[in-house]
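> Position chain B against the provided structure of chain R, taking the given hints into account.
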Amino acid sequence: MKTYKTLTTIALAGIVVVLGACASNGGQSDKVSRDKAIALMKRDFKATGIAGLERLDEDQVQATCNHSGNNPPSDELIRLQQEQLATIKLPADGNLMGDWKNGEKIAQNGRGFTWRDKPGNAPGGGCYNCHQIGPNEASFGSIGTSLYQFGKIRGYTAEMQKYVYSKIYNAKAFNLCSEMPRFGYVGALSEAQIKDLVALLMDPESEVNK
Amino acid sequence: MKTLKALVAMCGLLIAANASAQSAVSEEFQKFRSIMEEDNPAELFEAIGEEYWYTKAGPRNASLEACDLGLGPGVIKGAYAQMPRYFADVDQIMDAETRIVHCMETLQGFSHEEVTKQPFSNDKGTPNHVSVLTYVASQSKGMPIALPQSHPKEREAYAVGKEMFNYRAGPYDFSCATCHGTEGKRIRMQDLPNLTTRDGAAKSVLGWPGYRITGGRMLTLQWRMNDCFRQQRFPQPKYVSEAVSVLLTYMGVTANGTMYTGPGIKR
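Chains as they are written, first to last, in the numbering used here: chain R, 1 to 210; chain B, 1001 to 1267.
Treat the hints with care, since some could be wrong.
The calculated DSBU-like cross-link candidates involving lysine-lysine, where the alpha carbons are at most 35 Å apart (straight line), are [stated by the list, open to error]:
1) K1153(B) <-> K1117(B)
2) K31(R) <-> K1153(B)
3) K46(R) <-> K1238(B)
Honestly, the hints are just simulated from the structure, not real lab data.
Only chain R is shown next, with the shape it has when bound in the complex (with noise of 0.2 Å):
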């Protein structure tokens, strides 16, 4: 019986372990530390290129996150949420979806925002490095879920359509500390090629969906 107890223990705490590594980032932030890491990060860093210094300040997301470790107290999350949402400029004419051909095009370009990059370039999505979509594609990250067959499994309603765009336009929308980049907000996809990216996952003759 002693045997049992100790290995249930064992178990257990395995678990915990693993799943504590699944959160991401550990514990809460500690101000002084932080402080000086962000003083010394100004101090040492140069501006290259697009990537200029003001990088480094957080805005009112990345702060919050920053300081509770990626766990926000539910009163201030819930209003950031809203508070981004509020920035997510949908279409005008209401059409969500574009070419889904070119929407894998966007997905595969992990290009952009770099201090490499120059001012003109227009950034890809960078999808692939995170996500498996397509079929024909194995080089794929897994940071995010997976998105093959999005449409097929998750039905081709207008809603689900606004729900992907605004998803891309700001991640943060929905999951304040979420790992995704905020693409329409912070200018990186233009209108055009989110919508290229919505097709990609929602038309029914996507090869996502095939």
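Only chain B this time, still in chain R's reference frame:
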């Protein structure tokens, strides 16, 4: 008993899920790497670095033999595996690369601009300080990673480095932890070590400095941090700045106790 069986099975599943995340491609590269490490081109740079260490150079026509890497002037054995660390003469944290550059300035009389004009290996060649670093690193092969935490500034560097690691900013809201804070993740096919755990953090130390087959270049941890911050869409860390040493302190201390295997090989 049923519960126990279920728990054991669950643990098995969790372990299996973790193992399958290791892609076949990366397993193949591991095999390739272990063959290549028998005859690593990094050894060439170790030899060049060793020769430079004893050669008189610079405006003061001095060798680097009196360079103090933290264990006393001229002591190289085991020094790399115990850096970054606090140096009283400059009252700051320095990693091995920063310290070697510092020695070339103070002992040989080079200006900071001269030494750091070409910080990293490129088509033009491998800078002397990179070869020296490779030599110094080779002299810690087979020794445990043992960054000191006895000085208050070393403990502070760990705490500040940890905050830097988790600090989200820039246009994509990325921190180091976005990619390196969770177990078993990949960017495309590339496995991402979880640098918040001991074994994960060991991967941030092991294999560096490393000979990269693509381009045939000897690359250092300062280079690796520079390229990470580029992909993080941050501005650029200045070469051999204290900020980089502080970040490396957090990862190095987390890796403490694992064995340093010497200069490595990269794809």
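> Each hint should be assessed against the structure and marked as holding or not.
These are the hints, each one checked on the structure:
1. A C-alpha spacing of about 29 Å is found between K1153(B) and K1117(B), which places the hinted pair at or below 35 Å, so the restraint holds.
2. Between the alpha carbons of K31(R) and K1153(B) the distance comes to roughly 17 Å, so the proposed pair stays at or under 35 Å and holds.
3. The straight-line distance between the Cα atoms of K46(R) and K1238(B) is roughly 6 Å, inside the 35 Å bound, and the hint therefore holds.
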